[in-house]
Amino acid sequence: MTNEAVAGKAAPSRLDVRSLAKSYGAGAKAKVIIEDLTFTVETGEVVCIVGPSGVGKTTLLKCLAGLQPASSGTAAIDGRVIDGPPPEMALVFQDYNRSLMPWLTVRKNLMLPLRHLRLPAAETRERCNDALAAVGLEHAEHQYPWQLSGGMQQRVAIARALAYRPEILVMDEPFASVDAQTRFDLEDLCLKIRKDFNMTVLVVTHDIDEAVYLSDRVVVLGSKPARVLTTIDVDLPSPRDQITTRSLPEFAALRTDVLSLIKRPA
Amino acid sequence: MRKTLYVLLGVGTPVVLLAAWFVASAGSTNTFFPPLSYILERFQELWLFAHFSSDILVSLLNLVIGFALAAVIGVGLGFVLAMLPKVGGYVDPVIHFFRSIPPVALVPIFVSLIGFGIEMRIASITLAAVFPTLIATVDGLRGVDSTLKDVSAVYRLSTGEKIIRVFLPAAGPHIASGLQVSLQTAFVVMIASEMLGPSQGIGAMTLLAQQSFMIADMWSGIILLGVIGFIANMLFELGRRRLLAWYIGSRRLARAQ
Ligand SMILES: Nc1ncnc2c1ncn2[C@@H]1O[C@H](COP(=O)(O)OP(=O)(O)O)[C@@H](O)[C@H]1O
Ligand SMILES: [Mg+2]
Chain W
190 MTNEAVAGKA
200 APSRLDVRSL
210 AKSYGAGAKA
220 KVIIEDLTFT
230 VETGEVVCIV
240 GPSGVGKTTL
250 LKCLAGLQPA
260 SSGTAAIDGR
270 VIDGPPPEMA
280 LVFQDYNRSL
290 MPWLTVRKNL
300 MLPLRHLRLP
310 AAETRERCND
320 ALAAVGLEHA
330 EHQYPWQLSG
340 GMQQRVAIAR
350 ALAYRPEILV
360 MDEPFASVDA
370 QTRFDLEDLC
380 LKIRKDFNMT
390 VLVVTHDIDE
400 AVYLSDRVVV
410 LGSKPARVLT
420 TIDVDLPSPR
430 DQITTRSLPE
440 FAALRTDVLS
450 LIKRPA
Chain A
6 MRKTLYVLLG
16 VGTPVVLLAA
26 WFVASAGSTN
36 TFFPPLSYIL
46 ERFQELWLFA
56 HFSSDILVSL
66 LNLVIGFALA
76 AVIGVGLGFV
86 LAMLPKVGGY
96 VDPVIHFFRS
106 IPPVALVPIF
116 VSLIGFGIEM
126 RIASITLAAV
136 FPTLIATVDG
146 LRGVDSTLKD
156 VSAVYRLSTG
166 EKIIRVFLPA
176 AGPHIASGLQ
186 VSLQTAFVVM
196 IASEMLGPSQ
206 GIGAMTLLAQ
216 QSFMIADMWS
226 GIILLGVIGF
236 IANMLFELGR
246 RRLLAWYIGS
256 RRLARAQ
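Quick mapping for you: the protein sequence lines, in order, are chains W and A.
Each number in this note's numbering corresponds to the 1-based position in the first sequence with 189 added.
Each number in this note's numbering corresponds to the 1-based position in the second sequence with 5 added.
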């Protein structure tokens, strides 16, 4: 994968979330999930949103992806308010085993979102080849997702997003249900594709170490309802490395900062 | 090894049973159980091919047309009902009411409405066979994983793509089960519908033989119906295995793990 392959693609997008609120239900029975979230993901940044399970992270991503309407406030990409799935966004879902089409081979899964873009056949092929190469799954293109391990399935889901060439890639706890070794590999993959594919990346996670390792900035969410506790800039050196980066004293300090925020009773 | 055993059992069991019938009925003087050798003789005289186009083809054509219409209407209407949850809510009880009526009991309705012709037979087959497919389609579509719907929305698939490339395959296993029941229902109603009106068709011939005490002819009709039912089911199963290879494979793998 080279930068050449993605040349000609628009610049990565900027995501702007302003006073976003979300409740399920209406009237007296309304359940407030998100109360007044404001944060920004700058062009080309990797931002992690970290918060405990059940705080409303998936709900937030559904609002950002235009799958759920916000109750109030706005989210905007490059200044355009999101009111339906934005064309420049790709989303990687938490449940890899539910988000891939089991009746399609790996390659056909990658091709499905490209059909309506009406690209020349050669470009479709090239995009799929690049995406499969980026996640190291060229050999599995003719297999079905259910024939692959969990980590490989999540790589297929990431490849599908890459072939779509989004300007902003959003991932919902993408590595939560794979084993630790696979998880480290996927985290490094995430950093590599961000560089190669020139995207803005927003990752949601409940794992503080993961958030610090991946991010340029961490948005820490508190519960209930969800709100931003603080935003922490991560200025760890690049490129990051699972062993050296994680053993830096700065890394330990950052994760302690985040942890104490989350643990402290609000 | 195991597979060959199953194939042998599958082919062998009917052969053994037929042989037993053949031997046990040889020289039988019982009016109702004539020797199988005589039944087979009549089978050949009647069906190969004296009544082939006048009766066998007529019955098969009714079956195929009735089943095809039921399949198209069942899947199509199923999509409409599943996509319009409000309408579906009102229509559900009506569907389940009609579904609960034994299919054969629907035949007289059509006789009184449109008489005894071919149209009556096809309409009866279609109406009776539509419900299993319709209900299975609605169930299958309602059960489509919400994540797949979200994926389709995020990647901005068109409505047509969602229907053809996501919902239809996702509900495919359900729809196939419904179609299989529909096929069996269509077969039963095909025979039942021939018991009224002009005596044309395998069912009509079989009934006529019974009424005129031509017991061997009756048995030959029953054997023919059995053979046709068996072949129809086999063809269906072959098609299902082809189209749903992904589903069968994933289930097998899930069981093995
Ligand atoms: N469609 C819905 N209707 C009502 N409540 C919901 C719905 N979806 C999620 N919730 C609730 O919203 C809360 C946050 O869920 P979620 O966004 O999935 O959290 P997270 O992804 O952070 O674990 C949970 O309490 C959940 O029960
Ligand atoms: Mg979640």
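Don't take each hint at face value.
[Claimed, not checked] Pairs of lysine-lysine, DSSO-like flavour, derived with a Cα cap of 30 Å: (1) Lys167/A x Lys154/A; (2) Lys218/W x Lys167/A; (3) Lys251/W x Lys384/W; (4) Lys297/W x Lys218/W; (5) Lys251/W x Lys218/W; (6) Lys154/A x Lys251/W; (7) Lys91/A x Lys220/W; (8) Lys167/A x Lys251/W; (9) Lys218/W x Lys413/W; (10) Lys8/A x Lys220/W; (11) Lys381/W x Lys218/W; (12) Lys8/A x Lys91/A; (13) Lys91/A x Lys154/A; (14) Lys297/W x Lys452/W; (15) Lys413/W x Lys297/W; (16) Lys167/A x Lys297/W; (17) Lys381/W x Lys220/W; (18) Lys384/W x Lys413/W; (19) Lys297/W x Lys251/W; (20) Lys413/W x Lys154/A; (21) Lys381/W x Lys413/W; (22) Lys413/W x Lys220/W; (23) Lys251/W x Lys8/A; (24) Lys297/W x Lys91/A; (25) Lys251/W x Lys381/W; (26) Lys452/W x Lys154/A.
By construction, these hints were calculated from the structure, which means they are not laboratory data.
Report the numbers of all earlier hints that the structure fails to satisfy, in ascending order.
-> Per hint list: 2, 4, 10, 11, 12, 14, 15, 17, 18, 21, 23, 24, 26 violated.
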